[in-house]
Amino acid sequence: MYYDKTIFELGRKGRVGYSLPKEDFGNYELSDDLKRKEALDLPEVSELEAVRHYTNVSFKNFGIEKGFYPLGSCTMKYNPKINQDMSAIEGFHIHPYQPVNASQGLLELYYETQRILSELSGLDEFTLNPYAGAHGELVGLMIMKKYHHDRGDVKRTKVIVPDSAHGTNPASASVAGFESVEVKSNFDGTVNVEDLKKVLGDDIAGIMMTNPNTLGIFEKDICEIAKLVHDAGGLLYYDGANLNPLLGQVRPGDMGFDIMHINVHKTFSTPHGGGGPGAGPVGVKSYLSEYLPVPRVKKENDHFVLETTNDASIGQISHFYGNIGVIVKTYSFLLSVGKEYFKDISKFSTLNANYIKESLKDYYKLPIESVCKHEFVFDGLKDKSTHVTTLDVAKRLLDYDVHPPTIYFPLIFKESLMIEPVESESKQTIDNFIEIMKTVAKEAIEDPELVKNAPYNTVVKRLDEAEAARNPKVKFKDLQDD
Amino acid sequence: MFKYLPHTSEDIKEMLETIGVSSMDELFREIPEALMNPSYDVPSSHSELELKRRMNELAKKNLELIPFVGAGAYDHYTPSVIRPIIERQEFLTAYTPYQPEISQGTLQYIFEYQSMVTELTGMDVSNASMYDGATATAEAMFMAVATRKKQKVLVSKTINPNILRVLETYAKYRDIELLYIAEKDGLTDLDDLQNQISKDIAGVILQTPNFYGIIEDFSSVKERIEDAKSLFILNQDLASLSVLKTPGSMGVDISVGEAQTLGLPLSYGGPYIGYLATTKKLMRKMPGRICGVTKDKDGKRAFVLTLQAREQHIRRDKANSNICSNQSLLALAVTVYASVMGKTGIKEAQMNSYKATHYLAEQVGKLKNFRKVYQADFFKDVLFETNLDEQVIEDALLKEGILGPLALVKFDPTRKGQLLFSATEKRSKKEIDHLVKVLEVL
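Read top to bottom, the protein sequences are chains X and W.
End of the first sequence sits at 506 in my numbering; the numbers just go up one at a time, nothing left out.
End of the second sequence sits at 570 in my numbering; the numbers just go up one at a time, nothing left out.
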């Protein structure tokens, strides 16, 4: 039941798991002074040993196809099988230096994806080069910076980031060479317009927002905020992590955002892959389009071209054209859903979230009563008399075969439990989750120790995380040194 | 009804009742009316059959060619075991292992990946992956600047121009000044490095094999830059380290590069995977995720993300990097590749590529219109110059189903007529002979 080997602990000297053609090129040898001197201690396993090992390792993971995965802010929706099939088509696995005349299919796919994202978001032009959401944020902020600099407006060194924002926002601002200014949120995580007015000035390059915010609340003053920021000479950046409940309903571009990124591994179902590869396409209003990174895919008459240099551009941010294999899956999902169903994604993700919220608010503390979008946040258990924490609740959920919600984020509440149920989950699945959540809340009162010591049914129990940081063992050879 | 959306009208009715609203539209009531219901022009919903038809139609517009180009992306063989393993839903559909008790699978392969990267590089510690080799190099540059608190970085003119362009972009926004070390006979001019090194230099970025395929000897670099307290950053192809001198043996401080060469398909440039490994001393300055070993409360060995205080979700604007999702599933692909290819297979694939490229060079070298540009030994790329027109060559090869060499004039106008060829273990002698035959009659 409990598989506990690493690949380095398997196999025998001399065993192999591969076959290569015999080479007949002749006698070419590396000279000694260029050669590796150390032995190479890599596994010596048969193919079956390797396959069985990784199959057993996989059993120690929880995936979407096993059960409910309401991880807030991560949009863990079903990852359609057809996406995988499409990305495996041989004709998409060409060399990146294949001439454009011989790559028209992929360039067309890239271009069409840009156009669809543009229509859905209300931003005029897109690049698909960024590798992930955080990479998209960085690209967006570089665009913001260059835009101001090119106008001779070099004093704008600060970016406003609400305290409810994802951690990547202030981190990306730093990497782009900005200082972040935090503005406190209202009780519901929305931007406090009065506070915003106080910090706006000629040193502000722009603001980073996600709407709905990380509490799942739509910023209803968004048009006023956009006007204030624009009047002060700043730009608005939209963090697309929470785009799911807006599809077909309302577009960031129409709200006044100038730049945004989309997490295609969230909203458009290309899988998360255990932490990538994703992609973070960036869209801009037309007046910023020349700033987009190169290479850019453009259409000239009926021909698709790659623009590799452009002095106005922020420059190159990836070796080639981004995670194209992921873009193929994005396009596959966009075509599968199509015009008819985008709006249903936003509706059903919102319906599911509100249904859970209303069903559990007698058991968990609901700090914000209003209608939410695709996700919402409880501030821990309603009855905290037994000192059972959000961490304990999360660990107990593991015993019931549910992936826990995001915990301790956003930072606004002490015991945040952030639930995002996504549109692809049925009422039965959600009712089952609600019952489990109620059971755990009851257990927390009746038998708090039971919850505090959870989980019991997992391959490992609670871990000593402090020990891992105090004495880092980060490779197999570190274990042998013990 | 739509296959990804399970709600029946009865479900909807019951759920709305529980929520206490009369319609779905009421759930969007706080959105300003003027913003609602935008018009957007997108294709209509495709059934599986229609989607496949469309995708195959697009795929057919890409010619299937036999590549004789590398220049940063190499056509190595991908063993069949890899795809079914990385497509297991347990790996494919999970997210970042924030709940270690149900993510031991992801955490374990990250640990194994880190073990393989450190074994190949001879470095102390590796992170869990970077986006690609170019951005990994940029992150290494940031590490040097942050550690040494100096804003100048030296970079060799022999590195891949795309990596250089990415470095230039990243440097510009952080006010880092990039200074260039001259190239001489296809090699980094180490005298020029000696002249430019000073206490103001945070780090020195070099690459071997370099853009022209040449294996550079950097064993004296550490000594040359030590007094200036500059960090030695070396970009390498991870698979090449199975046979070439390791960064660990050369005193490299930050070892980075592309790991696509460990069996990842070409995929028109991505997804690939960058690696970043360093010394114990610099471990806490690393970007990205790191997995470590610990015990659970019953004393069992377990894996967990560690040193997270460096990362954006904890440190926000003070984090070492903004990186969050990166290339985890590719780390698994690389790990499976290194497992089945193992101790001897990676070397064999790399040496066969070396031999294929040398055979190609010998044959092309016999042609009257082609001359090898540099004399130093090369690895999987080799540079020739010709008086023939580059476009004529490209077109003639395309006609024969061959993707020819990269014309360097695309990067540098002074390199007109220079062509960068490459061959891997996937190329047969017959294919190379065919290439040579087409070139011969031009």
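If you are wondering where the hints come from, they were derived from the structure by calculation, not from laboratory data.
Glycine included, each C-beta is placed from N, C-alpha and C at the ideal position.
Some clues are possibly wrong.
Keeping only pairs whose Cα atoms sit at most 27 Å apart, straight-line, the calculated DSS-like set for lysine-lysine is [as the list claims (entries may be wrong)]:
id, chain 1, residue 1, chain 2, residue 2
1, W, K180, X, K476
2, X, K179, W, K446
3, W, K544, W, K500
4, X, K90, X, K408
5, X, K485, W, K544
6, W, K544, X, K221
7, W, K446, X, K363
Per label pair, the in silico range of CB-to-CB distance [said to hold, decoys possible]:
id, chain 1, residue 1, chain 2, residue 2, range
8, X, K406, W, A274, 29 to 39 Å
9, W, K428, X, D177, 56 to 66 Å
10, X, L58, W, D523, 35 to 45 Å
11, X, F211, W, H441, 39 to 49 Å
12, X, E218, W, I442, 25 to 35 Å
13, X, L58, W, K500, 51 to 61 Å
14, W, K538, X, L58, 25 to 35 Å
15, W, D523, X, K367, 22 to 32 Å
(request) Starting from the hint list further up, note which numbers the structure goes against and sort them upward. (result) Hint check: 1, 4, 5, 6, 7, 8, 11, 13 and 15 fail, others pass.
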